[in-house]
Amino acid sequence: MTFGKRQETVRPSDGMHRTICGNCPAGCGLKVFVLNGRVVDIFGDEDHPVNKGSVCPKGLLACLALTAPRHLTQPRIRDRLQEDFRTVDWSEALEFVTGRLSLVMSQAGPEAVHVIGAESDPFEYLSAATLFAARLGAGSAPFQFFPPALGDAGRLHRMLGVSGARLQMNPPRDWAASRGILIYRSDPAAAAPMTFGPVLDARDRGTWVGVIDSRRTISAARANQALVVAPGTESLALKALLRLMVDRGAINPDFVSEWTTDLDGLRRSLAGVEPGAVAAACRVTPAALESMARQLASRRPLQVVAADTASRAYLADDELCLAASLVALTGSIGVPGGGLNLLAVSPFNWARTASAAGDRQPRPPLDLGRLLISASPGQAFMAYGNPLAHLRGGQAPRDALARAGLVVRLACGPGAFDDFAHVVLPMTWWLESDGLLATSNGRMLQWQRRVATPPPGCRNPLAVWAEISARLRLEGGSAAGDAAGWADDLLGADPLTTAASVTALDPEANPPGGLLWPCTQAQDLTLENSRFVRGNSRGRHILFLPWSSFGGSDKRFPTPGGRIVFQPVEAPFAPVGTDADHPLALTIGAVVDATTVFGPHLSNHPPHRPRPLVRIHPRTARAIGVSAGDRLTVANARGAFSAPAQIADELPEGLLFCPEGLDHRVPDFHGLPPAALFALPAPGQPLAAYTPVTAYAEGSDPGRARRALARLLAGDRQGPTPFPLRPPEDLP
Amino acid sequence: MRVIFVSQRFGAQQADLAAGNPDAPVLMVDLDRCIACGACSLACRLEAPLGDGQLAPPRSILFHPAEGGGRLSLRLPLSCRFCPDPCAYHSPYNFWTTCPQDERRTALFQACDACAARLAQGWMPACATRCPMKCIYFGRAADVAFVLREKRLRSFGDLELGTREAP
Numbered sequence: 001m002t003f004g005k006r007q008e009t010v011r012p013s014d015g016m017h018r019t020i021c022g023n024c025p026a027g028c029g030l031k032v033f034v035l036n037g038r039v040v041d042i043f044g045d046e047d048h049p050v051n052k053g054s055v056c057p058k059g060l061l062a063c064l065a066l067t068a069p070r071h072l073t074q075p076r077i078r079d080r081l082q083e084d085f086r087t088v089d090w091s092e093a094l095e096f097v098t099g100r101l102s103l104v105m106s107q108a109g110p111e112a113v114h115v116i117g118a119e120s121d122p123f124e125y126l127s128a129a130t131l132f133a134a135r136l137g138a139g140s141a142p143f144q145f146f147p148p149a150l151g152d153a154g155r156l157h158r159m160l161g162v163s164g165a166r167l168q169m170n171p172p173r174d175w176a177a178s179r180g181i182l183i184y185r186s187d188p189a190a191a192a193p194m195t196f197g198p199v200l201d202a203r204d205r206g207t208w209v210g211v212i213d214s215r216r217t218i219s220a221a222r223a224n225q226a227l228v229v230a231p232g233t234e235s236l237a238l239k240a241l242l243r244l245m246v247d248r249g250a251i252n253p254d255f256v257s258e259w260t261t262d263l264d265g266l267r268r269s270l271a272g273v274e275p276g277a278v279a280a281a282c283r284v285t286p287a288a289l290e291s292m293a294r295q296l297a298s299r300r301p302l303q304v305v306a307a308d309t310a311s312r313a314y315l316a317d318d319e320l321c322l323a324a325s326l327v328a329l330t331g332s333i334g335v336p337g338g339g340l341n342l343l344a345v346s347p348f349n350w351a352r353t354a355s356a357a358g359d360r361q362p363r364p365p366l367d368l369g370r371l372l373i374s375a376s377p378g379q380a381f382m383a384y385g386n387p388l389a390h391l392r393g394g395q396a397p398r399d400a401l402a403r404a405g406l407v408v409r410l411a412c413g414p415g416a417f418d419d420f421a422h423v424v425l426p427m428t429w430w431l432e433s434d435g436l437l438a439t440s441n442g443r444m445l446q447w448q449r450r451v452a453t454p455p456p457g458c459r460n461p462l463a464v465w466a467e468i469s470a471r472l473r474l475e476g477g478s479a480a481g482d483a484a485g486w487a488d489d490l491l492g493a494d495p496l497t498t499a500a501s502v503t504a505l506d507p508e509a510n511p512p513g514g515l516l517w518p519c520t521q522a523q524d525l526t527l528e529n530s531r532f533v534r535g536n537s538r539g540r541h542i543l544f545l546p547w548s549s550f551g552g553s554d555k556r557f558p559t560p561g562g563r564i565v566f567q568p569v570e571a572p573f574a575p576v577g578t579d580a581d582h583p584l585a586l587t588i589g590a591v592v593d594a595t596t597v598f599g600p601h602l603s604n605h606p607p608h609r610p611r612p613l614v615r616i617h618p619r620t621a622r623a624i625g626v627s628a629g630d631r632l633t634v635a636n637a638r639g640a641f642s643a644p645a646q647i648a649d650e651l652p653e654g655l656l657f658c659p660e661g662l663d664h665r666v667p668d669f670h671g672l673p674p675a676a677l678f679a680l681p682a683p684g685q686p687l688a689a690y691t692p693v694t695a696y697a698e699g700s701d702p703g704r705a706r707r708a709l710a711r712l713l714a715g716d717r718q719g720p721t722p723f724p725l726r727p728p729e730d731l732p
Numbered sequence: 001m002r003v004i005f006v007s008q009r010f011g012a013q014q015a016d017l018a019a020g021n022p023d024a025p026v027l028m029v030d031l032d033r034c035i036a037c038g039a040c041s042l043a044c045r046l047e048a049p050l051g052d053g054q055l056a057p058p059r060s061i062l063f064h065p066a067e068g069g070g071r072l073s074l075r076l077p078l079s080c081r082f083c084p085d086p087c088a089y090h091s092p093y094n095f096w097t098t099c100p101q102d103e104r105r106t107a108l109f110q111a112c113d114a115c116a117a118r119l120a121q122g123w124m125p126a127c128a129t130r131c132p133m134k135c136i137y138f139g140r141a142a143d144v145a146f147v148l149r150e151k152r153l154r155s156f157g158d159l160e161l162g163t164r165e166a167p
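Taken in order, these protein sequences are the chains called A and B. The opening residue of the first sequence carries number 1 in our numbering; numbering runs sequentially from there. The opening residue of the second sequence carries number 1 in our numbering; numbering runs sequentially from there.
If you're looking for bench data, these hints aren't it; they were derived computationally from the structure. Just so you know, not all the hints are guaranteed correct.
Unchecked claim - Straight-line Cα separation of at most 25 angstroms, DSS-like style, residue types lysine-lysine; simulated pairs:
id: 1; chain 1: A; residue 1: Lys52; chain 2: B; residue 2: Lys151
id: 2; chain 1: A; residue 1: Lys52; chain 2: B; residue 2: Lys134
id: 3; chain 1: B; residue 1: Lys134; chain 2: B; residue 2: Lys151
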């Protein structure tokens, strides 16, 4: 008997529905088996090109949460944070919200209302909240909190004419055509496992896969070559690699001369980069740098993958431009297997949507922590999910939030943000309502269908914003409409998606895999089949083809001159800043077997044992007397937390690692969320990926641990060597 | 059930699938594609949940000690995470961990039955079905031998540990 890999359940069910997982931007197709309207099992859709039948553990965990009793089912309000919540009906809850909003606005104007967002928020929340903020004249709109380097103000936009949030030149289905894939500061195997599948497929077909990171992540462990650099020196390594490639003449002269400009400026800015000094600063051997540079120079087409959901907020303008320069120099743009392929991309430009709705406010990038500490007491904040997960700057922003006049949380599960909320509104989530999936690791639009019945008290974000708008008598306030009509309106209005519609996306009526954007004409709704591409999902696979123009523009590259504008490398290197009191560095990232999308931290972990939550190197752990499972306290001047330790050899000795989304609501975790121990970013700058900390066994003497760490780390250079960037004037 | 691991890191080719019953079930794991995501472990827990809606611990495939000494047993899929007395031996790079403890631990977990309900339908077990990187393959020895020959075209070595049923 031959056994088939059948995505079928052995449990009794009376129906199967296809939909798309909403846990991460990979966008896997699901087959949901139901019995009497309740979900009994979930498998992958074997016909879907992203996952071809598999489901990763994060998606499985998120689906299991549907039946958990923690789903918020009724609105809750309280007048003051010191009081308990009381459960109310929707009418009373929205009356409370609009009453408080009116009060705040009467005292300080609509600028005192802040609508917060994150790229990972559902499309219905982001779109409706953006339009609400625009029509209200709110002080902040959701898209202002997106990573600045990936927005229209970022230098990557200046270089290519497209902002990083909308830039994926070749989708994952094309990646097997690469000869070389460089994964930069990203761990797709942990953040979005299905997106890593095409990388492994390419590797098994002979593609060279390289990784630059400060940890030996799983992605690094499965790559052909990993450059594990000192924390904070990743961009230095990229600069040195580019310098080595330029020195080797690894340039496609035809592409560079015809389609780029300002290469001399880039060359001059790289001239001060000395690979030997960089190797020392990165704590790698010069041979390792040379070896990776050789691969990058010889592997064409070459692509760079970066900006997964966990790491994109840390990317700086320089790094994105360096990565783009890498592929532009070798002419790996507009060809199969090439490209700068950023993940979690979306076609929607929310700033433009807000402007079209009459928004006249300047909308610069904002950091929530800085906003909070600069806001006067009594202002209003409205958010989805848990914006505290990334809130930096210690206790001060939290104290400021506690002085707000109104905090509204829209969510489908409980979370730490409840501690600061006056109003909690229960939302349906992606198995329970129709909705558009626009943020994707594969540059595709997909449509989620409702396959499970939500609790009667839960509502879709569209309905909530519509009713708040109506109660505030906002001009142009939307009729609630249905999610399909709403999506159709926005798809038709965006220049990159004018030909898309919900009808064309419905997974029950169309080939699986959604629709690749830009889709601006009828032929973009078909399976691409040319000598370049034999597509397995509809739409245009490769951007910047030589004979094409980018959606909304009449040029191949939508810059003013129609060419790629190389950006000089400018930013000086800033070390992590460890010192005698804080000899270790802490970083936060994705883990493959846990998710916080639903709210609570769900992981495939036995319920009766402490969860391992802080990863520490074995020698570092031994130095401070900590074994696996022992509680570890991590602290700096901004705060502290304690959690069970996990001994992990993927880290360097001086680095600690925490999964994202930890807070005091996670079992076994005490103290401030790890993000709070990080400094606030400078205005318009990315978040810091590392922060200096000290660590010791909970309850032990911190001083003794510090001395032990000093002895341990003294055998190594203390911190990275400051990078000697010679100014261009010194060059011959 | 025989379990075979393949990897380019293994120098030797040990498994002789031509020997023995060609219809005997074989589970083959490509360690070079495994990303230690735990989907197989979760799939195992989901496939046979406890009656009160709680997820069960994953089931164990138990092994003889290796030939020539050494007391090795291998937990599939990663039951040692659920062991009440775990050692630090588990590493994300060695998801398919060889536990250096003795078989006293074998009494802790239910034995893997290769998802008998799925096998009866002609379907692969839950772990092979759900693996996101498609690195688990299950079939008759003759079918797995075919797939193994394909992988050897790319110079994979393999490793087989002797198996036995749970007590």
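Hints and how they fare:
1. A:Lys52 with B:Lys151: Between Lys52 of chain A and Lys151 of chain B the Cα gap is close to 20 angstroms, so the pair holds against 25 angstroms.
2. A:Lys52 with B:Lys134: holds, 10 angstroms
3. B:Lys134 with B:Lys151: With Cα atoms ~13 angstroms apart, Lys134 of chain B and Lys151 of chain B stay inside 25 angstroms; holds.
Consistency note: the structure conflicts with none of the earlier hints.
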